[in-house]
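Listed below, chain by chain, are the residues.
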Amino acid sequence: MGDSSFDTEAGPSQEPDAAGTPEADLGDGSAGRGRALLRRLPWGAWHERRLEQTGSDLDPRFTFANERTFLAWNRTALALIAAGLAAAQFLKFNLHGLRLIIAVPLIVLGAVLALASYSHWEDSERAMRLRQPLRYSWMPRVLSGGIILIALLGAILAIIDRLAH
Amino acid sequence: MSTRGPGASTGDAGTHEPGRGHPTLAPDRTALAWTRSALNIAGSGVLIARAAFTADLDALGVASAIALALVALLTWHHGQTIYRDRGLEGGLAHHEPVALRWLTAATLLIGVVAIVVTVAI
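Protein sequence lines correspond, in order, to chains A and B.
Sequential numbering of the first sequence, starting at 1, is according to my numbering.
Sequential numbering of the second sequence, starting at 1, is according to my numbering.
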């Protein structure tokens, strides 16, 4: 029995903060104050306790990897929104409003991915804590399909715009 | 004041091999991921502000720029804070549903403002 943090997963009785006291596992000093504040925000503490009480603790590397995957999806969502904004500002169509047909779907796709990425993170975290297999995400297919559709739409609109003028 | 990196206490004493469950460099990669997210948010703020000024929505542009600069700063700070916390706790990784939810909400808000500005241009 080593002193590894991973060894603390042996059972719920060994969890340091099963009661969910926000300050109990924050370490010391100012570093924990930000997290303590976050946990006191509406629905924050309740939600975090609920997930922490599910299953048993994970190898920390899995938690970190799951969090990085969420952040990567979130950045992809932000990139799509930025692409939509760029399309709105820099695409020049003769027919007024055509750029909206490109820009708005990009932004909406970004918003959908942002929402779905959180849901995917939570599903994965729960599955790992319960030692269940991870589910495949539909997000890569939606992202690929969405980008292909918007690219085709852009090409068709560019041809229509050229033919109309 | 600790000078040890995250997870330093979880390694086996006297060896250079990380212990079982040691996060190795995962906290560093995660802190960098939070930093990249913060930079992305800052970049989105610049784009939204520029688009808002183009659409003559100056007030929205200024408000968005300030708000997103703050969100970017908070996101970066959160990444650094949890990096330090996880180090102090000996590599124990806490999931961060609250921070992730706020980041998701901020991204959705950015999307809504982006649509408003896009339609107004």
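FYI, nobody ran anything at the bench for these hints, they're computed from the structure.
Computed from a prediction, not measured in an experiment: that's the story for all the values here.
We put the CB at the ideal spot given by N, CA and C, even for glycine.
Don't take each hint at face value.
Pairwise CB distance ranges, derived in the manner of DEER restraints [unchecked claim]:
no. : chain 1 : residue 1 : chain 2 : residue 2 : range
1   : B       : Leu32     : A       : Asn94     : 43 to 49 Å
2   : A       : Leu149    : B       : Val116    : 19 to 25 Å
3   : B       : Asp58     : A       : Leu130    : 47 to 53 Å
4   : A       : Thr69     : B       : Leu109    : 20 to 26 Å
5   : A       : Ala151    : B       : Thr54     : 43 to 49 Å
6   : B       : Ala69     : A       : Leu51     : 35 to 41 Å
7   : B       : Ile121    : A       : Arg126    : 27 to 33 Å
8   : B       : Leu109    : A       : Ala158    : 18 to 24 Å
9   : B       : Thr54     : A       : Tyr136    : 16 to 22 Å
10  : B       : Gly43     : A       : Val142    : 20 to 26 Å
11  : B       : Asp28     : A       : Leu152    : 37 to 43 Å
12  : A       : Ala86     : B       : Leu109    : 17 to 23 Å
Residues of chain A placed beyond 10 Å of chain B at every Cβ, according to the derived structure [stated by the list, open to error]:
no. : residue
13  : Leu71
14  : Gly84
15  : Leu98
16  : Ser117
17  : Tyr118
18  : His165
We went through each hint and held it up to the structure:
Separation of B:Leu32 from A:Asn94 is about 44 Å and conforms to the stated range, judged on CB atoms against 43 to 49 Å. For the hinted restraint 19 to 25 Å between A:Leu149 and B:Val116, the CB-CB distance of approximately 24 Å keeps it satisfied. In this structure the hint that B:Asp58 and A:Leu130 lie 47 to 53 Å apart at CB holds, the actual value being about 51 Å. The beta-carbon spacing between A:Thr69 and B:Leu109, approximately 22 Å, falls within the hinted interval of 20 to 26 Å.
Against the hinted window of 43 to 49 Å, the Cβ-Cβ separation of A:Ala151 and B:Thr54 comes to about 24 Å, which falls outside the hint. The supplied range of 35 to 41 Å is broken by B:Ala69 and A:Leu51, whose beta-carbon atoms lie about 31 Å from each other. A hinted range of 27 to 33 Å is violated for the C-beta pair B:Ile121 and A:Arg126, which are about 42 Å apart. Look at B:Leu109 against A:Ala158: about 31 Å separates their beta carbons, and that is not inside 18 to 24 Å.
One distance hint, 16 to 22 Å for the beta-carbon pair B:Thr54 and A:Tyr136, is violated here, with the actual separation near 41 Å. The supplied range of 20 to 26 Å is met by B:Gly43 and A:Val142, whose beta-carbon atoms lie about 23 Å from each other. Distance hint for B:Asp28 and A:Leu152: a CB-CB separation of about 41 Å, consistent with the stated range 37 to 43 Å. Between A:Ala86 and B:Leu109, the C-beta spacing of about 19 Å keeps the proposed range 17 to 23 Å intact.
For A:Leu71, the condition that its CB be more than 10 Å from all CB atoms of chain B is violated, with the nearest at approximately 4 Å. With a cut of 10 Å on Cβ distances, A:Gly84 falls inside the contact zone with chain B, its closest approach being about 6 Å. Its beta-carbon lying about 13 Å from the closest one in chain B, A:Leu98 satisfies the requirement of being farther than 10 Å from that chain. Residue-level check failed: A:Ser117 sits 7 Å from the nearest beta carbon of chain B, not beyond 10 Å.
The Cβ of A:Tyr118 sits about 4 Å from the closest Cβ of chain B, inside the 10 Å cut-off, so the non-interface label is violated. With a least beta-carbon separation of about 20 Å from chain B, A:His165 lies farther than 10 Å from that chain, consistent with its non-interface assignment.
Consistency with the previously given hints fails for numbers 5, 6, 7, 8, 9, 13, 14, 16 and 17, ordered from lowest to highest.
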